[in-house]
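Let the hints inform the model, and build the full structure from the sequences given.
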Amino acid sequence: MLKNYIKLALKVMLRKKYYTILSLAGIGFTIMIITVFATFIDQVIGENSAEPERNRTLILDKVSVYNQGKKEDGFPSIHFLKKYVSDLESTEVISFITNKSYISFSKGKPTGHYLVYTDEHFWEITDFEFLEGRSFNRKEVENGDRVLIINKRTREHFFGDQAATGKELRVYGEKFKVIGVVTSGAAFSRVNADMILPYSMDKNLQGLEGPIQGSYSAMLLARSDNPKQVRSELRAKMRLLTNKISGADSLKAYAFTPLEQFAKSSSFTDQEPEYGKTAISFFIILLLFMLIPAISLINLNLSRIGERAEEIGVRKSFGATSATLVGQLVVENVILTLVGGIIGLALAAYATGLLVHIINTFDPLFKMPADSFIINWRVLALSIFSCLVFGLLSGVYPAWKMSKLNPVYALKGGQNHD
Amino acid sequence: MIQLINIEKIYRTKTIETIALNKVNLQINKGEFVAIMGPSGCGKSTLLNIIGLLDSPTAGSISIDGQEVSSFSNRKLAAFRNFKLGFIFQSFHLINDLSVLDNVELPLLYRSGVSGAERKKKALEALEKVGLSTRTKHYPSQLSGGQRQRVAIARAIVGSPEVILADEPTGNLDSVMGEEVMNIMLELNKTDGTTIIMVTHDDNMANKTERIIRFFDGQQVN
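Heads up: the sequence lines are chains A and B, in that order.
Add 17 to the 1-based position in the first sequence for my numbering, that's all there is to it.
Add 22 to the 1-based position in the second sequence for my numbering, that's all there is to it.
These are computed hints drawn from the structure, not numbers from a lab.
A few of these clues could be false.
Going by beta-carbon spacing under 10 Å, a handful of chain B positions derived as facing chain A [said to hold, decoys possible]:
1) 68
2) 71
3) 97
4) 103
5) 113
6) 117
7) 120
8) 125
9) 127
10) 133
11) 138
12) 177
13) 178
14) 181
No more than 30 Å apart at the CA atoms, straight line, and that leaves these computed lysine-lysine pairs for BS3-like [to be verified]:
15) A:20 x B:98
16) B:143 x A:28
17) B:144 x A:429
18) B:159 x A:20
19) A:281 x A:88
20) A:20 x B:151
21) A:421 x B:45
22) A:28 x B:159
23) A:429 x B:151
24) B:142 x A:28
25) B:144 x A:20
26) B:144 x A:28
27) B:142 x A:33
28) A:220 x A:194
29) B:142 x A:429
30) B:98 x A:421
31) B:230 x A:429
32) A:20 x B:142
33) B:159 x A:34
34) A:429 x B:45
35) B:212 x B:143
36) B:159 x A:33
37) B:143 x A:24
38) B:144 x A:24
We treat Cβ as the ideally placed atom computed from N, Cα and C, and that holds for glycine.
Right, here's the structure in full:
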């Protein structure tokens, strides 16, 4: 029966080309926007080849200091992280990280580079693919060796097609030796950088670092898949510090995975994220976004009831129930939306490239790579899911209305209902 | 056997009440070929729609094979139509987007447990009966009026219904084509014992049936 429905759906689509083009354009545009939005969210929260453990990697990037009734938020300092956070039992490993930027000049032309200052544990939490060379080690970090890792794009920028390992690069006027080249990380990720250097080479380290607050974050790799345990231990640890550090009556440290950060209702609290609430909100936004094009499609479908009335009458005469007809018409609509979805995905692939181009036009110094937005299987699944929701949303009511046609009037091409 | 007792059908609007059928009592036996005749608007098609369970009477009861069908749910009515009844319409009512074979298979789509292969086999057999087995892949728009009506007959008989309801089946055909269609229906009645109730304006066609029931102003007159 499904084969029959699909065959008929395609025939109906080809029969009314104007209607089909109009419908597909609306669906395609909607799915394109959803897909582009989804690629962005996926880059922010999803696991990727460079960050396979993203769901159990917590980023501790805020410490609140409460002192004499006042609250001060800021990044933690390395001193604070080393002294009070690095020995958490619920974490496997901890890495210090800060993001900076640097502008190089080549033949008088400026180019922006994203920098990450970090330690040797960074390479245990991430899984960057090394195209050449190696990562830096503890000794190099402690010694303050002038070594750095660059990504493929940076190698191409400075060295063209040649290997970069062993060559020198100037960063903030100081010479660094390239010891490795990695593939790029996900755009919008904290670990994505053009150059990765030992934090001991961070010039601002001394000036910005205090006993509690500073300019660093910590990446905490949880032992289990339950990041709550880390937070719980962290809270307990912070409670123990109450009235123990000068200048701080009490402390709060905030550590969440990227997904948790996204799922939290507010970034100003250290409360647990509410996934259910976020998922529902996300779904409602998705529905609202699809509602207007869906209503248009509902209207188009309703206006075509008369056109299909005779067919409905025939099918009812030969034993089709209203439920069967609803099923058939919804399947037809879902097929239409899936075709629209494929067009939407193709448009999204083009639109993401265009978006990068537009962003790069406005920010020519720090150019984003062309493949910053990736349509992976997760995005694809969301797009297909959106198509199905869209198909149901726009198909059920017209289908129900059509199925209720009185067969006698339907056979006459009329519209009286049962 | 089909039995209609005191069937009334009244169409009401805000200002007008039209009596389409007025206390019709009728019995049609199994295997009969009956023609219903009468002037336009006398209620013939309304009667056929009521017997075909496509429309419900305002009053009265209708039973088919001893089953009182007036109280059936929509789902049960649909199943009853699917298994027991076959329809042939004056304007064929084929689905233009479907091939001849798909059109004929249609009633079997709504029968659970019939596989695709079985559907195809039965549809081919029905098309064979009406002499159209070479046109399975054609579309209705590629056929003549007579051929379309033969496809419609194949669709009506594919599910082996006990009753065929034909609403002016030769009305849109020339005399030769009409004769052909009539012969097929006579053959079905004779060989398969299918009960056929045919609404017609054509005396020649009606005279070929076993019984003619005449209607005037919503009432049976013979």
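We went through each hint and held it up to the structure:
1. 68: Since the shortest Cβ distance to chain A is 8 Å, the answer is holds.
2. 71: Holds: closest Cβ of chain A sits about 5 Å from residue 71 (chain B), inside 10 Å.
3. 97: Hint on residue 97 (chain B): holds, closest Cβ of chain A at ~5 Å, below 10 Å.
4. 103: OK, holds: residue 103 (chain B) within 10 Å of chain A, min 5 Å.
5. 113: holds (9 Å)
6. 117: holds (5 Å)
7. 120: holds (7 Å)
8. 125: Nearest chain A Cβ about 9 Å off; hint holds.
9. 127: Because about 8 Å separates residue 127 (chain B) from the closest Cβ in chain A, which is inside the 10 Å limit, the hint holds.
10. 133: holds (7 Å)
11. 138: holds (7 Å)
12. 177: Where the cut-off is 10 Å and the nearest Cβ of chain A is about 7 Å from residue 177 (chain B), the hint holds.
13. 178: holds (9 Å)
14. 181: Holds: closest Cβ of chain A sits about 8 Å from residue 181 (chain B), inside 10 Å.
15. A:20 x B:98: holds (26 Å)
16. B:143 x A:28: This hinted pair holds, its Cα atoms lying about 24 Å apart.
17. B:144 x A:429: holds (29 Å)
18. B:159 x A:20: holds (16 Å)
19. A:281 x A:88: Roughly 21 Å between the alpha carbons, so the hint for residue 281 (chain A) and residue 88 (chain A) holds.
20. A:20 x B:151: Measuring from Cα to Cα gives roughly 26 Å; hence the hint holds.
21. A:421 x B:45: holds (28 Å)
22. A:28 x B:159: holds (15 Å)
23. A:429 x B:151: holds (28 Å)
24. B:142 x A:28: holds (20 Å)
25. B:144 x A:20: Holds. Residue 144 (chain B) to residue 20 (chain A) sits at ~18 Å (cutoff 30 Å).
26. B:144 x A:28: OK: residue 144 (chain B) and residue 28 (chain A) at ~24 Å, within 30 Å.
27. B:142 x A:33: Distance of about 29 Å is within 30 Å: holds.
28. A:220 x A:194: holds (17 Å)
29. B:142 x A:429: holds (29 Å)
30. B:98 x A:421: It holds: about 16 Å lies between the C-alpha atoms, which stays within 30 Å.
31. B:230 x A:429: holds (29 Å)
32. A:20 x B:142: holds (13 Å)
33. B:159 x A:34: Between residue 159 (chain B) and residue 34 (chain A) the Cα gap is close to 23 Å, so the pair holds against 30 Å.
34. A:429 x B:45: holds (26 Å)
35. B:212 x B:143: Holds, at about 23 Å.
36. B:159 x A:33: Given that 30 Å is the threshold and the Cα spacing comes to 22 Å, the pair holds.
37. B:143 x A:24: holds (20 Å)
38. B:144 x A:24: holds (20 Å)
Hint check: no violations occur; every hint is consistent with the structure.
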